[in-house]
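Asker: Here's the letter readout for the chains.
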Amino acid sequence: MTASRSRAYRQAVPRLWWLRRRSYLLFMLRELSCVFVAWAVLFLLLLLTAVGNGRVDYQRFLDWAAKPWVIAVNALALAFLVFHSVTWFNLAPKAMVVRVPKQMLALAPKAIVRRLPEGRVPGWLIVAQNYIAWVFVSAIVAGLVMWSGS
Amino acid sequence: MADTITLLVTRYRPDTEAEPTIAEYEVPLRKDWAVLDGLNHVKDQLDGTLSYRWSCRMGICGSCGMTVNGEPRLSCATFLTEFAPGPVRVEPLANFPIVRDLVVDIDDFLRKLPTVKPWIVRHVDWVEDGEYLQTPDEQSAYQQYSMCINCMLCYSACPVYGVDPDFLGPAAIALAQRYNLDSRDHGGADRLDVLVHPEGVWGCTFVGECTRACPKGVDPAGAIQRYKLTAAMRSVRALLLPWGAR
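Line by line, the protein sequences give chains A and B. Take the first sequence: its letters are residues 1 to 150, numbered as in our numbering. Take the second sequence: its letters are residues 151 to 396, numbered as in our numbering.
Check the hints yourself; a few may be wrong.
Claimed, not checked - Which bits of chain B does chain A cover? Going by a derived footprint, with three or more residues having C-beta under 8 Å, they are:
(1) 247-257
(2) 307-313
(3) 353-360
(4) 376-382
Said to hold, decoys possible - Cβ-Cβ distance ranges computed for the label pairs, FRET-style:
(5) B:T199 x A:K102: 53 to 61 Å
(6) A:M96 x B:A234: 38 to 46 Å
(7) B:M208 x A:F136: 49 to 57 Å
(8) A:R115 x B:A234: 35 to 43 Å
(9) A:P101 x B:D340: 23 to 31 Å
(10) B:W269 x A:L48: 48 to 56 Å
(11) A:A12 x B:R163: 14 to 22 Å
(12) B:V274 x A:F43: 50 to 58 Å
(13) B:A382 x A:W124: 18 to 26 Å
(14) B:A234 x A:A38: 47 to 55 Å
(15) B:M383 x A:P101: 13 to 21 Å
(16) A:R115 x B:R387: 31 to 39 Å
(17) B:M208 x A:A38: 44 to 52 Å
These aren't lab readings, by the way, just hints derived from the structure by calculation. Ideal Cβ placement from N, Cα and C applies to all residues, glycine included.
Construct the entire structure; sequences and hints are all you get.
Answerer: Printed below as a string of structure tokens:
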């Protein structure tokens with residue numbers, strides 16, 4: 001057996017293995033999205049620095065940010081960031097198993113208890129909470145921006 | 151429906167061949183025949199030199215994992231009619247060295263498995279108290295992960311394991327969780343170092359193919375993500391409470 005193992009054939013992983021399956025491709029795109037997350041952070045830091053440096057610098061930053069290639073990169077970054085966030089939210093129910101305490105289950109109507117297998121909060125509800133929190137935080141940020149702008 | 155189907159089976163005879171080849175066999179296409187029945191027909195009637203692993207024929211022993219038409223499947227639970235009119239590609243599991251024909255070398259997994267201590271670890275052992283009792287709720291906390299049959303389909307489906315063979319891998323981590331979540335077990339801390347190693351849970355980038363490939367509904371991807379959360383919480387707690395209470 002040892003002799004045949006030493007002659008075992010090592011199956012090579014093809015260079016383009018990630019094009020073989022949709023899930024592999026999505027995974028690679030998600031990995032790539034970290035570059036755009038870094039870009040978004042850098043862009044924000046540049047913006048803050050420009051604001052800190054006063055009106056002239058800020059105007060220069062705005063002119064630069066209005067260049068077609070910067071807009072194109074930002075549009076691409078937005079798409080990747082949304083993709084990154086969505087996959088992150090979809091992961092949440094995998095990482096979190098939320099069980100309803102027994103005492104609460106005993107009080108809850110039967111129709112609801114039936115929808116909680118083994119007292120577990122269903123995955124879609126955990127995902128939904130993430131989206132609700134996302135919308136809520138976005139609304140606060142948007143509110144702050146508009147309030148400070150007025 | 152045609153009464154035969156073609157199997158395109160990977161052959162690798164290390165004594166005479168430098169690399170695998172493909173052999174073509176015509177086998178009866180019967181409604182109740184799985185791919186494994188087709189291979190048994192080849193072995194019994196057409197070519198007795200074909201090598202492959204199998205045992206129970208009922209999805210329990212985990213021996214007969216193969217790549218069927220590109221997907222990691224249990225050949226005993228994959229019916230030929232699914233691929234009619236054929237042909238059906240039958241290859242060894244991907245990501246493992248091929249020993250012969252459809253037999254792969256799983257030593258790497260067998261080396262990794264004991265490092266996660268997949269057994270009940272007790273630091274206090276009161277034998278005279280009798281068996282360790284468990285409520286149905288406590289049992290359901292880990293039962294899903296206990297369904298693993300070590301069939302290696304998840305390793306075959308995992309691109310991370312393919313690219314980085316040092317990765318601990320889905321089944322070993324799911325089995326570690328099976329014991330971590332067991333109310334009778336005290337070994338969580340003993341498994342921590344192996345699991346939080348860069349080649350442990352953090353090696354996983356959540357492709358999710360392991361869960362899709364699993365024939366027993368174990369959800370190794372879920373087990374890994376859950377442990378990532380556990381490990382992260384431990385780190386945060388250690389940072390906030392460096393003087394103890396971990």
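Asker: Does each hint hold? Answer for all of them.
Answerer: Outcome of the hint check:
1. With 6 residues having a beta carbon nearer than 8 Å to a beta carbon of chain A, the region 247-257 of chain B meets the requirement of three or more and the stated coverage holds.
2. Interface restraint, the region 307-313 of chain B with chain A: holds (3 residues with C-beta to C-beta distance below 8 Å; minimum three).
3. By the rule of at least three residues with a Cβ nearer than 8 Å to a Cβ of chain A, the coverage given for the region 353-360 of chain B holds, with 5 such residues.
4. Coverage of the region 376-382 of chain B by chain A holds in this model, with 3 residues showing a Cβ closer than 8 Å to a Cβ of that chain against a need of three.
5. Checked against the hint of 53 to 61 Å, the C-beta distance between T199 (chain B) and K102 (chain A) comes to roughly 60 Å, which is consistent with it.
6. Distance hint check: the CB atoms of M96 (chain A) and A234 (chain B) are about 43 Å apart, consistent with the given range 38 to 46 Å.
7. Separated by about 51 Å at the C-beta atoms, M208 (chain B) and F136 (chain A) satisfy the suggested range of 49 to 57 Å.
8. As the Cβ distance of R115 (chain A) to A234 (chain B) is approximately 39 Å, the hint placing it in 35 to 43 Å holds.
9. Taking 23 to 31 Å as the suggested C-beta distance range, the pair P101 (chain A) and D340 (chain B) conforms, at roughly 29 Å.
10. Judged by the Cβ atoms, the range 48 to 56 Å given for W269 (chain B) and L48 (chain A) holds: they are separated by roughly 54 Å.
11. For A12 (chain A) and R163 (chain B), the Cβ-Cβ distance of about 19 Å falls inside the hinted range of 14 to 22 Å, so the restraint holds.
12. As the Cβ distance of V274 (chain B) to F43 (chain A) is approximately 56 Å, the hint placing it in 50 to 58 Å holds.
13. Between A382 (chain B) and W124 (chain A) the beta carbons are some 24 Å apart, a value that agrees with the proposed interval 18 to 26 Å.
14. Between A234 (chain B) and A38 (chain A) the Cβ separation comes to about 50 Å, which falls inside the hinted range of 47 to 55 Å.
15. Under the hint 13 to 21 Å, the C-beta atoms of M383 (chain B) and P101 (chain A), about 20 Å apart, fit the expected range.
16. A beta carbon spacing of about 33 Å between R115 (chain A) and R387 (chain B) agrees with the range 31 to 39 Å that was offered as a hint.
17. At about 51 Å, the CB distance of M208 (chain B) to A38 (chain A) agrees with the hint of 44 to 52 Å.
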